[in-house]
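Start counting the sequence shown at 1; every next residue gets the next number (the numbering used here).
Check each hint, because a few of them may be wrong.
As the list claims (entries may be wrong) - Listed next, the in silico DSSO-like pairs over lysine-lysine satisfying Cα-Cα at most 27 Å (straight line):
| no. | residue 1 | residue 2 |
| --- | --- | --- |
| 1 | LYS641 | LYS791 |
| 2 | LYS640 | LYS751 |
| 3 | LYS791 | LYS725 |
| 4 | LYS751 | LYS701 |
| 5 | LYS641 | LYS751 |
| 6 | LYS701 | LYS641 |
| 7 | LYS751 | LYS655 |
| 8 | LYS725 | LYS689 |
| 9 | LYS751 | LYS725 |
| 10 | LYS641 | LYS784 |
| 11 | LYS784 | LYS640 |
| 12 | LYS701 | LYS629 |
Stated by the list, open to error - Quick list of simulated restraints, FRET-style, between CB atoms:
| no. | residue 1 | residue 2 | range |
| --- | --- | --- | --- |
| 13 | SER343 | GLY414 | 29 to 39 Å |
| 14 | GLU447 | SER727 | 27 to 37 Å |
| 15 | PHE72 | GLN134 | 24 to 34 Å |
| 16 | ASP340 | ILE145 | 50 to 60 Å |
| 17 | LEU61 | GLU298 | 16 to 26 Å |
Derived from the structure by calculation, the hints contain no laboratory data. By construction, the Cβ of each residue, glycine as well, lies at the ideal position given by its N, Cα and C atoms.
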Amino acid sequence: MNQFAIIAAGLGFAGFFGIKSRITRSANSQGKAACRMFMLSSIAIFLCFLPWLFLKQVFGLWMLGIAVSFVFYLHDRMKLRKIPVQSTAQSDVFILNTPTAFAAGGNDPRIYIPAKIQDDQRRWILAHERYHLQHHLFIKQVLVIFRLVFWFNPGAWLLYRLGIQRLEHRCNTAVESQLTLAERNAYRRLQRQLHASQNLWAIGFSDSPQPSGTPSETENEDSAGEKPRSDKKLIILAAVVLLGFLLTGAAAMSFILGTPKSFGHDQAALEKLLEANPRAGREVTVLAKLPEALNAYECSLLPLNNRQEIIVFLDHDGLPQAQLVYDLARDQLVKAYLPDADSALSEELCLQAAQIAGRFYADERVLKQARDKALETSGGELITINECQAFPEFEPFQLRYGPVDERQFYIEMGPDYKLLWDRDNHQLVLKSGAFSQTAISDQRLAEIAAQTAGFYEQSVDQTQLCYISDDHTILCPNDYYRIPEAIPYVYPVTQPEILSDSLDYGVQGLDIASQTGNLEVLAAAAGRVEKVGHNEPWGTYMIINHGHRKTFYGGLSDEVWLGTRREVEPGQVIGFMKDDGTAAAHVHFAMLENNHAAADSRPYLEYSMLQAKHIEVPIRVSATYAIDKTQWEEIEQVVKKSDAFEEYMPGFTPKAEHNYGSVISEIMITAQPNDFSTVTIVQNASTGKVEVSRSYLFQEKMDEVLPDVPLELILNVTIKQEAGKSSVAITANVDLSYHLYYAEGVYNPEKQILIQNDVTMSYMDASEEMRSAVTAQIEELLEKTQRIDEKALDLSEQIIQIITQGQAAVWDHSSLYEVLGR
């Protein structure tokens, strides 16, 4: 087909140039037939190219050509106005200083004649030009417009030339019919002397080419009355030109489109694409409703690397039925392969499936971008409810959500159903295609999105306190919700009653009791126990760290079995109120922001548990623990395999020792070469509580703690537990600048100063810069001690579990910094 089109185009242009030379030689006799032929050919070529005008590139090129042609037209008009002329007695006649004569049309038609002509010649020229203005002005305008529009067609330009020659012939015939034979010869000589204007809008006196030489009077007389006559050869050439132009248009379209093929036979192209774009791990199931005729088909898509096209797969019973390459930007099928030659899939049906897959892919891309932004906004993790039953249309599912920005909100209902909600305008922005396979209306989806956003914003309408049951159902006066576990905070007791504000423990908070007399104290939210302490005269207290905030619980009984670093759930029982009969049992509760109590903790409490969430707590047995051989062997293995002291003494294997000489079990763990005990675990004989003491010794030598200032530092950090209370002692031995400044003393971590034991020591004579450098080195060692101590406590907990055989033991889990109050 391409070869045929090229040959046809060649014939067309050959015929064009062949007929042009012939028409040029005998324009008068063939003008009318040639004009008709070229007008028809121009219109035919335009119709051939008409569909391509809908393409932006082709349309733009066509309009550019028209614009360029129009610019040349304006240039000629302006050039005509700038020619110097002389007026005459006749208002529409002007004299030029050039040997030419012509008429220019428009709203104010004018005739331009040369200056040096005789009166008879002037009369002939005026008769000629007035005939033009009277009969040919509109025709000339049509020819000019036709040439502007069909600028790309050589036939349009030749048509313009032939039309002008035809008009000149008619005009000459009209003028010569009023002249004698001698005047006619003189008139024709005058035409040869004057040169017609080539202005686009001007109608020249002699635009027709004249034969060379001087004709005889007889020839001139015959030619004056000559009429256009038909010519068989001209008609044949005209037919060749017309056919050539038509085939040229077909050739151009064939070149742009390529050789057409029957639909569904692009197997080789699809195989090549799939080789460059493997399906494994990248294929996406299209969860959107397909046309009814495709209900039995499974649809999936594969994004291509160019991101502008996708491959759409249609399968039936696991067998491939169609592979389609769909252009997302142009909304059309580029390639298609139907393995079954007798497939019932039509091109129209395949296009519908590809369009649905394309919309699904585009929506999923937008939703993925929203999800990524929501993850970023939420700090890398969306709020998650694993068993959400808030919406009866769905079986229990995992609900995940989070804000995309200040305006949009992302919601994920399981792996396939996603929503994008506009919180400002309260409208659904986008939904995933999977919803099209359900009967849920857009209005209902908007309600679901609004309710989920309300979970995040905690804007549940209530006039009274809402209660949360064991199955996380929230009961409000006018609403019944199944809402996420990500509620902010619950009251620390069931059926709460706020007694008063108070400053117990020196902490601004609320004294809260239970209306039912229940003494259980509940965790207000999920978190980790940070500290369990005792403060006279108020008693035991607990601090739970929730990440962004902390909660304080005072007024607890001594029966607290949760140690530090223990994870808790919202509503979980963490202890009991102290009930000594002197006042109503209550818990002193406070919200801590940056370790400072909020002025009022009420706004943080919206919900209350109907029942407390109990955990399995082993029964505590008041007994003196003894260690048998099996337990000891297990302890030795746990200590030997532990890496708790790797940062303290790299490469040193800790060892455990047992004091068998006492009824009370005592275990010493040594993690340093000097055989001093690093961790000592003992049960207090009077209280039955397990006490864990630690001692860490550091010997640091630095050549330059400051420029030219060496330092030798010995630091001993001891954390003791006695009578249920923990204390810290930090001693230091400092030697600066080769014994120039020396001190032994106790380090005060609160004031960060070294208090000397011997006032005669010279350390205080050192510069402030030197002492600050020593303090910085001590603080760095304390940070290191904190990391080591946390791991030592974890190891101690494992050993205590072995000693008590899984029974709950009361002991203080406070690490170094927790004892120091840091």
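- prompt: Which numbered hints does this structure break?
  reply: Violated hints: 2, 5, 6, 7, 12, 14 and 17; rest satisfied.
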